[in-house]
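Construct all of the structure, not just a fragment, from the sequences and the given hints.
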Amino acid sequence: MPDIDFRYLLQGALAIALLVAAFTDLRRRQIDNWLNAAIALSAPLYWWAAGYSLWPDVGYQLGLAVAVFAVFAVLFAMRWMGGGDVKLLTALALWIAPHWFGKLLIVMALVGLLLTVVFGAWHIARRQRDRVAIPYGVAIAAAGLWVLVSQYSNVIVTSQLPTGLQ
Numbered sequence: 001m002p003d004i005d006f007r008y009l010l011q012g013a014l015a016i017a018l019l020v021a022a023f024t025d026l027r028r029r030q031i032d033n034w035l036n037a038a039i040a041l042s043a044p045l046y047w048w049a050a051g052y053s054l055w056p057d058v059g060y061q062l063g064l065a066v067a068v069f070a071v072f073a074v075l076f077a078m079r080w081m082g083g084g085d086v087k088l089l090t091a092l093a094l095w096i097a098p099h100w101f102g103k104l105l106i107v108m109a110l111v112g113l114l115l116t117v118v119f120g121a122w123h124i125a126r127r128q129r130d131r132v133a134i135p136y137g138v139a140i141a142a143a144g145l146w147v148l149v150s151q152y153s154n155v156i157v158t159s160q161l162p163t164g165l166q
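Under UniProt numbering, the residues of the sequence shown are numbered 1 to 166, in order.
Keep in mind that the hints were calculated from the coordinates and are not lab data. Warning: the hint list may mix true and false statements.
[Claimed, not checked] DEER-style ranges, computed between Cβ atoms:
id	residue 1	residue 2	range
1	Phe6	Ile124	43 to 51 Å
2	Ile106	Ala73	16 to 24 Å
3	Arg27	Arg127	29 to 37 Å
4	Phe23	Ser53	31 to 39 Å
5	Trp48	Pro98	24 to 32 Å
6	Leu26	Phe76	17 to 25 Å
7	Gln30	Val118	46 to 54 Å
8	Arg127	Leu54	53 to 61 Å
Given the structure is predicted, the values throughout are model-derived calculations rather than measurements. Note that CB positions come from ideal geometry on N, CA and C, so glycine has one too.
Pasting the structure below:
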């Protein structure tokens, strides 16, 4: 059996879950609770596989998740974001380190802007009068996938750097 780090298998499962979230949000404008729960409940397994210590590593992840939920619950209350989107972001906060989560939010905002322009133009072109619904789960999933790939590519790039001058 090949020697594969269990973390990478878990991150692969997270990537698949993010693709499912993006697809269902694009198709039905809904992210299923079971999917968000699976992402959140598998985070402790990832913590264990990654060797996180209870303090400060797990504490930071839990604190980040609480903060993300508090901020985005306000956006949900203002009807600026769907409940599934808030739950997906909160579940992702359990997986992604705080310094990477800030980058996730920036990429999410940029992809969300692009989605808003595309869906807004499509909405206007079809001359629809109802309110346009943006599948923000697509932006969240794209940003999450970007972070996963960036973390992995960072390991590859830095592991191939020379260690000294020759």
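Compare the structure with the hints numbered earlier in the document and write down the numbers of the violated ones, lowest to highest.
-> The structure breaks hints 3, 5, 7; every other hint is satisfied.
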